[in-house]
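> Sequence:
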Amino acid sequence: MDFGKIYLFPSLLSQGSPADVLPQRNIELITGVHYFVVEELRTARRFLKACDRSIDIDALHFEVLNEHTAPEAVEAMLAPALQGKDIGIISEAGCPAVADPGADLVACAQRHGVEVVPLVGPSSILLSLMASGFNGQSFAFFGYLPIDAQRRTAALKQMERDIRSRRQTQIFIETPYRNNKLIAELASSLPPSLLLCVAADITAPTQSITTKPLSYWKTAKYDYNKRPAIFLLYSEN
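This note's numbering puts the sequence shown at residues 251 to 487.
Each hint should be verified, as a subset may be incorrect.
In silico DSBU-like links for lysine-lysine, alpha-carbon gap of 35 Å or less [stated by the list, open to error]: (1) LYS471 <-> LYS407; (2) LYS335 <-> LYS255; (3) LYS476 <-> LYS299; (4) LYS471 <-> LYS431; (5) LYS476 <-> LYS407; (6) LYS335 <-> LYS299; (7) LYS407 <-> LYS431; (8) LYS462 <-> LYS407; (9) LYS476 <-> LYS462; (10) LYS299 <-> LYS255; (11) LYS462 <-> LYS431; (12) LYS468 <-> LYS407; (13) LYS431 <-> LYS468; (14) LYS431 <-> LYS476.
Keep in mind the hints are simulated off the structure, nothing from the lab.
Given the sequences, and given the hints that come with them, work out the whole structure.
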């Protein structure tokens, strides 16, 4: 029996119509898949219905793969593909398997020789990097900064060293309700000449992508509270 395929379906970064940010081919393919591995069930079901209202959600099969999923459970999620059925992976937001638990299932598929099909769609990491004006040839995505104060300070200092020595753009995220506090922290703890790009509400009508030195952010008036945002640091010198 031939194996099914693993389709990586990018989802939305903000509320809106999938047709505004996704190729038509994605929407056509997603209507033909009946097995899905998703990071969050409610969000995935809502996304599928937004793609095509004729999709019978109750006829679909869902497995949840998140940071709490046991490794042995991931292996079992590949079963439909090994039986010749296609599987779609949907992240909570953006591109599956990029800073996303879906990477575990993709790795499993690769070990078994199952074809993996990445599809075009929005990635907050790449879109913010594209608009920042920073180095797009060498960059690192850190994820969330540590909560512990000592480890957090060490992480920021390491980012600064990598910017200076490797000319590497540093990219990271924060819980949305802490965005304003994070910007203030960066402005007070890092050199004022470092550049900070704050990219908020990417792909939404309220999208805002601003690159300024930390000296600007130290006195600027802003409010990114509860807005999905991604942060980038770099230096021109």
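> Determine for every hint whether it applies to the structure shown.
Status of the hints after comparison with the structure:
At most 35 Å may separate the alpha-carbon atoms for a hinted pair to count; LYS471 and LYS407 meet this at roughly 25 Å. Taking the CA atoms of LYS335 and LYS255, the gap is near 7 Å; set against the 35 Å cutoff, the hint holds. Taking the CA atoms of LYS476 and LYS299, the gap is about 26 Å. The hint holds against a cut of 35 Å. The straight-line distance between the Cα atoms of LYS471 and LYS431 is roughly 13 Å, inside the 35 Å bound, and the hint therefore holds.
As the CA atoms of LYS476 and LYS407 are separated by approximately 26 Å, the hinted pair is consistent with the 35 Å bound. Between LYS335 and LYS299 the alpha-carbon distance is near 21 Å, which keeps this suggested pair within the 35 Å criterion. A distance of roughly 18 Å separates the Cα atoms of LYS407 and LYS431; the hinted pair therefore holds under the 35 Å criterion. Restraint check: the Cα-Cα separation between LYS462 and LYS407 comes to about 19 Å, which is no more than 35 Å; the hinted pair holds.
Distance check on the hinted pair: LYS476 and LYS462 sit about 21 Å apart at the alpha-carbon level, within 35 Å; holds. Our distance criterion of 35 Å between C-alpha atoms is met by LYS299 and LYS255, whose separation comes to about 22 Å. Between LYS462 and LYS431, the direct Cα distance comes to roughly 17 Å. Compliance with the 35 Å bound is thereby established for this hinted pair. Between LYS468 and LYS407 the alpha-carbon distance is near 18 Å, which keeps this suggested pair within the 35 Å criterion.
Annotation: proposed proximity of LYS431 to LYS468 holds, straight-line Cα distance about 11 Å (limit 35 Å). Pair hint LYS431 plus LYS476 holds up; C-alpha atoms about 12 Å apart against a cutoff of 35 Å.
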